[in-house]
Amino acid sequence: MPTFKDFKLPDLGEGLTEGEILKWFVSPGDEVKLNQPIVEVETAKAAVEIPSPYAGLVTALHHGEGDTVDVGSPIITFDVDPSGGATDAGVAAPAQTNVAAAADMVPQIPHEPGLVGGPAPKASSEEKIEVLVGSGPKSGKLTRRPRKQVAGAVVSSVQRASAPVPPPARVSAAAVGAHAEQVAGEVHVLAKPPVRKLARDLGVDLRLLVGTGPQGTITRADVEAASNGSAAAYEPDVAPRRQSGGEQRIPIKGVRKQMAAAMVASAYSAPHVTIFTTVDVTATMDFVERLRANREFADVRISPLLVVAKALLLSVRRNPMVNSTWDDAAQEIVVKDYVNLGIAAATPRGLIVPNIKSAESLSLLELARELNQLVATARDGKTPPADMAGGTITITNVGVFGMDNGTPILNPGESAILCFGAVRDMPWVHEGELAVRKVTQLSLSFDHRIVDGQLGSQFLADIAALLNDPALFAAWS
Amino acid sequence: MAVQSVQPSEGPELVQLLTPEGERVEHPDYSIDLTEDEYRELYRDLVLVRRIDTEATALQRQGELGLWASLLGQEAAQVGAGRALTGGDFAFPTYREHGVAYCKGVDPVTLLGLFRGVNQGGWNPHDKGFQLYTIVIGSQTLHATGYAMGLQRDGADGAVMAFFGDGASSQGDVNEAFVWSSVFQAPVVFFCQNNQWAISEPLERQSRIPLYERAKGFGFPGVRVDGNDVLAVLAVSRAALERAREGSGPTLVEAYTYRMGPHTTSDDPTRYRLAAELETWKLKDPIERMKAYLSRTGMADHDYFAEVDTAADELAAHIRAGCLALDDPDPITLFDNVYAGGSTLLDEEREQLAAYLGSFEGAH
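Listed in order, the protein sequences are those of chains S and R.
Under the working numbering, think of the first position of the first sequence as 1, with each following residue one higher.
Under the working numbering, think of the first position of the second sequence as 478, with each following residue one higher.
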C-alpha cells in the first residue's frame with residue numbers, strides 16, 4: 001500500500017511564521033533518502049536547507065520557487081511505501097502536482113481516504129491540524145478540542161458555530177479556512193488569530209472581506225457582519241481582490257526592501273547636494289585602449305570605470321574629508337584613511353552596492369581584477385553580505401544604461417557618491433577649435449553636513465582633471 | 478586600517494600532540510600514552526558525537542526540535558575533556574556540550590527533550606555527574622565554583638569542570654568565578670572552548686590578549702590547547718583535573734577550536750563571516766586527523782572505520798526514533814520543579830490553568 005506523508009513547513013527559527021521557497025532540489029517522481037536535502041528555504045533569520053524527513057518517493061510539491069509559505073502549510077508529499085500497489089488515494093495524489101488542482105483544494109486527499117471511498121485509517125484526524133507556528137503536526141494529544149457547552153456562559157460565536165452549521169459542513173468550513181490561509185500567502189489577509197478562528201467557525205472566507213480595522217485589519221465585527229449577511233463588503237461570489245483592476249501587487253521583500261530602507265534612511269538623514277561637471281575624456285579613452293593592449297592587463301576586462309575609480313581614489317587622498325562618516329550619536333565626523341570603494345550594481349535581485357575593501361592600497365591591475373570579480377559575483381547574485389558592509393564612498397555608473405547623469409542618493413553612512421554618465425562623441429571646443437571629442441558628465445552628491453560646496457567642487461574638479469589628462473596620475477601620485 | 482584579516486594567530490604556545498595531518502608530535506609539558514584500543518575508542522567517540530549533532534540538526538530542520546546548538550568542529554575539545562573526567566568529577570555544561578554529555582553517559586535522546594520543549598533536561602545530574610544544560614551565558618561557572626568549594630569542604634576526591642565559550646569570557650559571572658575559585662583554591666577546571674565566534678562577534682573584539690593569558694591576572698595557570706586535537710585536549714584536561722584534585726586550585730584551559738556551523742539553527746553565519754575562514758578550519762578537522770593517525774600507524778583499517786560508521790547510523794536511527802517518541806507533557810506539569818517547598822502563588826496559578834484546561838470537552 002502506498003503510504004502518503006505530507007511535510008509541513010516547520011518553524012525553522014524560534015517564532016517565525018513564514019518562509020520563502022528558494023530552490024527545490026527534488027521533483028515529483030524522485031526517490032529520496034532520509035535526510036537528503038530537498039529544499040532551500042529562506043526565512044527572516046537564515047537561508048537553510050531542509051533534509052528530507054522520510055525515505056521514499058516524492059509525489060507532489062505544493063509550492064513553487066519564490067513562493068512565500070506559511071509555517072504549518074504542506075510543502076511536499078512523499079510516498080513512504082512506494083512498492084505497495086496503487087489505490088484510490090494513490091491515483092488521486094498525482095493530481096496534486098497540478099498547482100491549479102491543488103489551489104482548488106480538496107484538502108489532503110491522501111489523509112482523508114474516508115472522503116474518497118478508501119479505508120479510513122486511525123491517523124486521519126491527527127494529520128489535519130493546521131498550525132500557524134510550532135513544529136508541525138503533533139500526536140493526537142494536541143488535537144484542538146471543542147469547549148464544553150456550559151449553560152449561560154457560551155460565547156456567541158460558539159453558539160453560531162454549533163447551531164446553524166451541521167457536522168459535515170464543519171469539515172468543509174475547516175477546509176475553506178485552510179484554503180484561505182494558504183491563499184492568504186498571496187493576498188495577505190490581516191486578521192488576528194481569534195478572528196481567523198471565528199471566521200473558520202462561521203464559514204466566512206476572510207479573503208473576501210474588506211477590513212475596517214487599523215491597516216485594513218479584519219476585525220471580529222467584520223466577520224460577524226459578513227456572517228449575518230449585513231455587510232456590503234462581503235461579496236462571496238466575486239473573484240479575489242487581486243484579480244480586479246489590472247493591478248499587480250508585488251511583495252516588498254529581499255534586496256528591494258533593503259534598498260528601499262537604505263535609501264529612505266539616507267535621503268531623510270543626510271542633507272544632499274549634487275554638483276555637475278562635463279569633461280573631455282578623450283585622453284582617458286585612449287589610456288583605456290592602451291591598457292587593453294598591454295600584456296600585463298591581458299587577462300582582465302578594462303573599462304573606463306577602472307580609470308574613474310582610480311581617479312576617485314587619488315582625489316580622495318587629496319580631499320580626505322569626502323571619505324568620512326557623520327557619527328550623530330558621538331557628535332563626531334569619522335574620517336577614514338582607507339577607502340572601501342562601493343560600486344552600485346544592478347543585479348537580477350535588484351540594486352546592491354558591494355565594495356572593494358582598502359581599494360586605496362591596490363595597484364591599477366589589482367583594482368581591475370577586484371572590479372571584474374565584484375561585477376561577476378554581483379551578476380551571479382552571489383555577493384556575500386560582508387562585501388556590502390563597511391563601504392566608505394561609492395561610484396554609480398548610469399552610463400551603462402545610456403544615461404548622461406543623475407542625482408544619486410548617498411549610500412547610508414557615506415558622505416559622497418560619484419555618478420558617472422555615458423561617454424559620447426560630442427562637438428567640443430578643443431585647443432581653441434571645434435572638434436569631435438569623447439565627453440562625459442560627472443556628478444557628485446555629498447552630505448552637506450560634512451562636505452561644503454568648496455570641498456565638493458574641489459574633489460569633483462580633481463577627478464575631472466585626472467580623467468581629462470591621465471598624465472596627472474603620475475604628477476599627483 | 479580598520480579592515481583586517483579575521484584569522485588570529487594561534488601562537489607558538491598552542492599545546493598540540495597530533496597535527497592536522499595526523500602526525501604525532503611531542504610537547505615538553507604534556508604527553509599521552511594510550512593503548513591501541515583507547516586510541517580507537519577516541520576516534521569512535523568523535524564520529525558518534527558528530528553524528529548525534531548532524532541528526533539533531535536534521536530533526537530541527539524537519540520541525541521536530543525547536544532549536545539546536547550545533548557542536549560541529551568542536552568534537553575533539555568535548556571528547557578530550559569528557560574522557561578526562563572520571564567517576565567522582567562533575568561537569569557544568571553550556572547548552573552545546575553534547576559531546577561531554579555523551580562521554581558522561583547521557584542518552585542523546587534525553588538531550589533532545591529540552592530542544593523539543595518537552596522537559597527541562599530529563600536526566601538526574603547526580604547520577605551522571607553532568608549538570609543540566611545552562612542557557613544563561615556563563616552563570617554555570619559560578620555554580621561550578623560553588624560546587625567545587627562544596628567538594629573541598631566535604632573532603633571529597635573529585636574535581637569540577639566548568640564549560641563555557643569565548644563569548645562568556647566577557648561576562649561578569651565568569652570573572653567572578655575566576656576570582657572566587659582562585660582565592661579559595663577551589664578544585665575547578667575552567668574549560669573554555671574558544672570557537673572564535675560569540676554568535677556574530679569575533680574574538681578580537683573581546684580580548685586584547687589570548688584568553689588563556691587572562692588566568693595569570695587572577696592568580697592561576699592558563700594553557701592554550703589545540704581544541705581540534707583530541708589527544709592534546711585529553712592530556713591537558715587530565716593534568717588540570719589532577720591539579721584540582723590534589724588541592725592546587727583552578728586552571729583555565731583554552732581549547733582553541735572553531736564552530737563550523739551556525740551558533741544555533743536560528744543563525745546564519747554567512748551574514749558575518751567569510752567562507753574562506755571555514756575552509757581553513759576544515760583542514761584542521763578533528764576527526765580527519767585522528768583517522769589519518771590510526772590509518773598511518775596501522776591501528777585501524779577500513780573494516781574498523783566501516784564498523785564505526787555503521788554504529789553511527791544505528792545511533793542516528795535510535796536518536797530519530799527516540800525523539801519522535803518523546804511524550805508531550807501535560808501542560809499542568811509546567812509548575813512542577815519550580816520550588817522545592819511549593820508556593821501559594823504558583824498553587825493559585827496551577828488551579829487557574831487546570832480550570833481553563835478543564836473547560837474543554839474531553840479533558841481529564
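These aren't lab readings, by the way, just hints derived from the structure by calculation.
Glycine included, every Cβ here is placed at the ideal spot set by N, Cα and C.
It is possible that some hints are incorrect.
Stretches of chain R that chain S covers, calculated by requiring three or more beta carbons in the stretch to come under 8 Å of a beta carbon on chain S [what the hints assert, rightly or not]:
| hint | stretch |
| --- | --- |
| 1 | 538-544 |
| 2 | 617-625 |
| 3 | 669-682 |
Derived DSS-like pairs: lysine-lysine, alpha-carbon spacing no greater than 30 Å straight-line [unchecked claim]:
| hint | chain 1 | residue 1 | chain 2 | residue 2 |
| --- | --- | --- | --- | --- |
| 4 | S | 197 | S | 45 |
| 5 | R | 768 | S | 33 |
| 6 | R | 759 | S | 23 |
| 7 | S | 45 | R | 759 |
| 8 | S | 382 | R | 759 |
| 9 | R | 693 | S | 33 |
Outcome of the hint check:
1. Counting residues of the stretch 538-544 of chain R whose beta-carbon sits less than 8 Å from any beta-carbon of chain S gives 7, enough to reach three: the coverage restraint holds.
2. Here the stretch 617-625 of chain R counts 0 residues with a CB under 8 Å from a CB of chain S, which misses the bar of 3, and the coverage is violated.
3. Note: the stretch 669-682 of chain R has 0 residues with beta-carbon separation from chain S under 8 Å; the three-residue rule is not met and the coverage is violated.
4. With a C-alpha separation of about 28 Å, the suggested pairing of residue 197/S with residue 45/S holds against the 30 Å cut-off.
5. Using a Cα cut-off of 30 Å, the hinted pair residue 768/R and residue 33/S holds, with the two alpha carbons roughly 27 Å apart.
6. For a cut-off of 30 Å, the pair hint linking residue 759/R to residue 23/S stands: about 26 Å separates their Cα positions.
7. As the CA atoms of residue 45/S and residue 759/R are separated by approximately 25 Å, the hinted pair is consistent with the 30 Å bound.
8. At most 30 Å may separate the alpha-carbon atoms for a hinted pair to count; residue 382/S and residue 759/R meet this at roughly 22 Å.
9. Straight-line distance between C-alpha atoms of residue 693/R and residue 33/S comes to about 53 Å, which puts the hinted pair past the 30 Å bound.
Of the numbered hints stated above, those contradicted by the structure are hints 2, 3, 9, listed in ascending order.
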